[in-house]
Each structure stands twice: as C-alpha cells, then as structure tokens.
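Asks: Here the working numbering is used: the first residue of the sequence shown is 1, the next is one more, and so on.
Hint data in this document are derived by calculation from the structure and do not stem from the laboratory.
Just so you know, not all the hints are guaranteed correct.
[Unchecked claim] Derived DMTMM-like pairs: lysine to aspartate or glutamate, alpha-carbon spacing no greater than 20 Å straight-line: (1) 82 to 98; (2) 187 to 131; (3) 194 to 64; (4) 82 to 57; (5) 164 to 57; (6) 82 to 165; (7) 82 to 50; (8) 187 to 98; (9) 164 to 98.
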Amino acid sequence: MSAFTSAPPGEPNSRRSPRSTRPPVPVTQSSHTVNGWLGGGQVGFNYQVDRWVWGVEAQFSWSDIDGVGLCNVIGINTCRTKIDWLGTAALRLGFTIDHALVYVKGGAAWVHDKYDTDIQGQATTFGSASETRWGWMFGTGVEYAITRTWSAKIEYNYLDFGTKDVQYSNEGPEPTGTAIRGPVPTKERIHLIKIGVNYRFGWGPVVAAY
C-alpha cells in the first residue's frame, strides 16, 4: 500500500533566528511517498436481490504508515509524515458471478496525521503538528463466498483529503533560520490495497448469499 502526501514546510522566516547568525534558507514544497501497513476490522449490512447486492459498511484501522522527503531548495531540511489510524464509511453496490461479488463503493473517510520537520542528519525536531482530517473515498474489489457464512476479499481504496492549512508548533533550535511561521498548506491522497475475511451472520431473509 502507499500514500502520497505533499507537505510544504511553510514560509521562510522573515528575520534571523535569535539562536543563529545564518540567514533564512528558502523553502519549497515537499512531495514524498509514505508506505507501511495497517490492520483493523469492519462491520456492515448487505441485501441481495437476484444478482445485485447493495450494502453499507464502516471500517477502522490502526496503521504504521510513514515517509520522509527533502523540503528546501538547498536540500538540508527533511519533512516527515506519519499516519496513525484511518477509517471509512461507505455505501456498496455489487454484482454476483457464481460465488463471487464484484463491487464498487464510495463514501466518507477520516485519518489522523502527524508531521515534523528537522535538519537532515540531526535528531532535533524544530517543527511539528498533528491533526484529524476528513475527506472522501472510492473503492472497488472482489469478494468470494467460501461458505454461506465466510467470505474473503481483496480491494483497492482511494482516499482524498484535499489541501488543508496545518499550523506547526516550533520546537528547539533553528540552526538555519527556517522555523515555520504560520499555516502550512498540506495536500494528502492515500492509495490502499486491502485483503480481508468477513463473517456473515445471516440474520433473517436479507442475508446476501452470493
């Protein structure tokens, strides 16, 4: 799985840092790919009419997804992005072929992000932020009924959280005079490949049998 996020580190400092005699270093947009894993669960409801199946589902996952990239014109600052958890709530529509269900889904998404910036090769962080973002999602996949109650699936999800201003808190020394002043416009899009198993309780006549 991979997620793509752009996190420009903000405006260059308009004056020298009191901790440094160096002039401010111009900054530019950071664009980096973040990768990792996630694990979680989902709940939902399906209704089948002939070969058509519609339903609703909600999913939540803890994750360890992060990445880093250079974020100024002379290549000494790094910007990091870490995704702690994410979730979706979606409507689903599918068509059955034998015991397989081919489906699409769409709805809302939310994610919790952490950001920080530092000097390449040094441990000191001099700017950080965290936030929960809301957006939209689209997905498609295939689910196969192994038995009447158990099924397995593989699906692709695209999550788009748009561009949002993020306010960093300044921490520690600023050796290049590039402390972040003011909000940082941050764009985030996530691409996921998910594999899972589902148990269908089959309460009443509305169970989807595939």
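Asks: Just to be careful, I want the Cα atoms of residue 82 and residue 165 compared with a cutoff of 20 Å; is the pair within it?
Replies: holds (17 Å)
Asks: Hey, residue 194 versus residue 64, does the alpha-carbon distance stay inside 20 Å?
Replies: At roughly 15 Å apart (the allowed maximum being 20 Å), residue 64 and residue 194 satisfy the hint.
Asks: Keeping to a limit of 20 Å between CA atoms, is the pair of residue 164 and residue 57 held or broken?
Replies: Cα-Cα ~27 Å, so violated.
Asks: With a cut-off of 20 Å on the C-alpha distance, tell me whether residue 82 and residue 57 pass.
Replies: violated (26 Å)
Asks: When you check the alpha-carbon spacing of residue 187 and residue 131, does it fall within 20 Å?
Replies: This hinted pair holds, its Cα atoms lying about 13 Å apart.
Asks: For a C-alpha distance cap of 20 Å, please report whether residue 164 and residue 98 respect it.
Replies: It is violated: about 45 Å lies between the C-alpha atoms, which goes past 20 Å.
Asks: Given the hint that residue 187 pairs with residue 98, does the C-alpha gap stay at or below 20 Å?
Replies: Status violated; Cα separation ~41 Å.
Asks: Check the hint pairing residue 82 with residue 98 against an upper bound of 20 Å on the C-alpha distance.
Replies: violated (41 Å)
Asks: Is the hinted pair residue 82 and residue 50 satisfied, with a Cα-Cα distance of at most 20 Å?
Replies: violated (44 Å)
Going through the hint list in order, the structure does not satisfy hints 1, 4, 5, 7, 8 and 9.
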